[in-house]
Amino acid sequence: MRHVFRELGSGLKRNLSMTIAVVVTMWVSLTLFGIGLLAAEQVDLMKGRWYDQIEISVFLCVPNSSSPNCEKGVDATQAQKDAIRTTLEANSEVASVYYESKEEAFKDFTELYKDSPVMATMKVEDMNDSFRVKLKNPQEYMSVTTEVGGMKGVEAVQDLHKVLDPLFTWLNGAQVGTIGASALLLLAAVLQIANTIRMSAFSRRREIGIMRLVGASNWYIMLPFLLEALVAALLGAALACGSLAAFEKFIILDQAKPSITSMGWIGWGEVQWAMLWIVVTGALLAIIPTIVATRRFLRV
Amino acid sequence: MLSTPDSEDAVIRFEDVSKTYKGGSRPALQHIDLEIDKGEFAFLVGQSGSGKSTFLRLILRELLPTTGRIYVAGKDLTRLHSWKLPALRRQIGNVFQDFRLLPGKTVFENVAFALQVIGKSQSVIKRVVPETLELVGLADKGERLPEELSGGEQQRVAIARAFVNRPKVLLADEPTGNLDPTTSVEIVRLLDQINKTGTTLIMATHDATIVNQMRKRVIELDKGVLVRDQAKGVYGY
Chain A
2 MRHVFRELGS GLKRNLSMTI AVVVTMWVSL TLFGIGLLAA EQVDLMKGRW
52 YDQIEISVFL CVPNSSSPNC EKGVDATQAQ KDAIRTTLEA NSEVASVYYE
102 SKEEAFKDFT ELYKDSPVMA TMKVEDMNDS FRVKLKNPQE YMSVTTEVGG
152 MKGVEAVQDL HKVLDPLFTW LNGAQVGTIG ASALLLLAAV LQIANTIRMS
202 AFSRRREIGI MRLVGASNWY IMLPFLLEAL VAALLGAALA CGSLAAFEKF
252 IILDQAKPSI TSMGWIGWGE VQWAMLWIVV TGALLAIIPT IVATRRFLRV
Chain B
94 MLSTPDSEDA VIRFEDVSKT YKGGSRPALQ HIDLEIDKGE FAFLVGQSGS
144 GKSTFLRLIL RELLPTTGRI YVAGKDLTRL HSWKLPALRR QIGNVFQDFR
194 LLPGKTVFEN VAFALQVIGK SQSVIKRVVP ETLELVGLAD KGERLPEELS
244 GGEQQRVAIA RAFVNRPKVL LADEPTGNLD PTTSVEIVRL LDQINKTGTT
294 LIMATHDATI VNQMRKRVIE LDKGVLVRDQ AKGVYGY
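Going down the list, the sequences are from chains A and B. Numbering follows the working numbering, in which position 20 of the first sequence is assigned residue number 21; successive positions increment by one, without gaps. Numbering follows the working numbering, in which position 165 of the second sequence is assigned residue number 258; successive positions increment by one, without gaps.
I should point out that these hints are in silico values taken from the structure, not numbers from a laboratory. Errors might be hidden in some of the hints.
[As the list claims (entries may be wrong)] Straight-line C-alpha distance at most 25 Å; calculated SDA-like pairs for lysine to any residue:
| no. | chain 1 | residue 1 | chain 2 | residue 2 |
| --- | --- | --- | --- | --- |
| 1 | B | Lys168 | A | Ser218 |
| 2 | A | Lys163 | A | Thr146 |
| 3 | B | Lys198 | A | Gly10 |
| 4 | A | Lys153 | A | Val75 |
| 5 | B | Lys131 | B | Thr171 |
| 6 | B | Lys219 | A | Glu208 |
| 7 | A | Lys14 | B | Lys198 |
| 8 | A | Lys258 | A | Leu165 |
| 9 | B | Lys177 | A | Gly210 |
| 10 | B | Lys219 | A | Leu165 |
| 11 | A | Lys163 | A | Glu208 |
| 12 | A | Lys48 | A | Gly178 |
[Claimed, not checked] Here are some of the chain B residues that sit facing chain A, going by a computed Cβ distance under 8 Å:
| no. | residue |
| --- | --- |
| 13 | Val210 |
| 14 | Ile211 |
| 15 | Val320 |
| 16 | Ala324 |
Fair warning: this is a prediction, and the values are worked out from it, not measured in the lab. Note that beta-carbon positions come from the ideal geometry of N, C-alpha and C, so glycine has one too.
One chain only, chain A, in its complex shape (with noise of 0.2 Å):
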């Protein structure tokens, strides 16, 4: 064992530029490999949140509207409105409908443009009065929206997805951008660790040569490399780990949380989460490349 840390010691003394090297590329490609973790782990959080409340609105005629459903001047009739309603209803992905009178949508409107000089503008009779439709299944909403997008006294069918499908496909691709790009470098990292300790296995092929020949096991003769490569990778994995636990505290915690309350964000567990998988991650990456390695010199 002495003679395990010994080697140890003076093979990252000899290689300290290849182990600082190691060091970094690690600590960088685990930061954003740890950061796409975090972007999916935030992106499906998103997902639940919105999407739970994501309602469809379907708007109906109003005197002003200009949809060709609607009938110039007037208000959709009840009739119109019972049929859309029971169509509605009938539909299997629907959770509730809940009718808003052009009041309520005023009030609503009201509270939250007060401030607004549009205000003054404004009359209830402006507004549009809907069916607010809450689905079973938030994902199912094309059913719903093609069957009631064309009835009479329908002016528009709104719903979320449009406006957050685009966002979720924007971070979805951040999200595939980032753990690309970490696995580029930790493919750089894994060819550097390879290259590192092919290195330090050739300014000790002396020794191995006669620890061969003494009968040493290859576990023996390979374990210096492998702790040599492990401490790089952890090292790495570490200031990985610490970075991450940084991005949590000073962006998320204290920049995005305060100023965007209205969703959840990551919180610890999250990150310990992405530290665990940092540090297995680190850890595979040191062991193979060093056996893949280190196998051509224990050749016999």
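Guided by the hints, dock chain B onto chain A, whose structure is given.
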């Protein structure tokens, strides 16, 4: 594993062994059949390229024969799993023409290294290494570095390292190749002394004087063929 059918005493046994290297025009060794008994001292002679090194490397299982079987200490090397190689190597000591000492380590550390890396305890090392240094006549030079020693002394260190684990077989590949005649004789006397402790000794050499003086078994190879195997032989005919 039961593997040495007729001779209980054979520590090394070649059965119709041939070795052809990849891309080699002729075999490095051809149809070698011989036994070397426990406690024997054998010289392996022949010109460069006669197959001496191949012969030694086959015993170490650094190479596998193309055809035939090799038994060392009762084990069929052609069927030995690679993870059992360390156990085989612990029974075979090695001495080379170029000593192969570790330059940064003292004499003591060089010898101790062979024990450390096979997991011997510090207390065993503290007991066995001085004994072995005493045996090779370097009891007072333990703290020296290899570069501070003469060639003969360096070879003694190498012999101590090869012998410190008390192997069954000691292979010496041209151990006197870099030494002057007087020192060479001393080294061979040391090897003879080690042989008398029961260790089988195989020494590949070009040194006719030594072979003629010692009157031990002589195995001569020529272009990979065993041309002579003579008890108490001399270098030439």
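Inset, instruction - Could you check the structure against the hints above and give me the numbers of any it violates, in ascending order? - result: 10, 11, 15, 16
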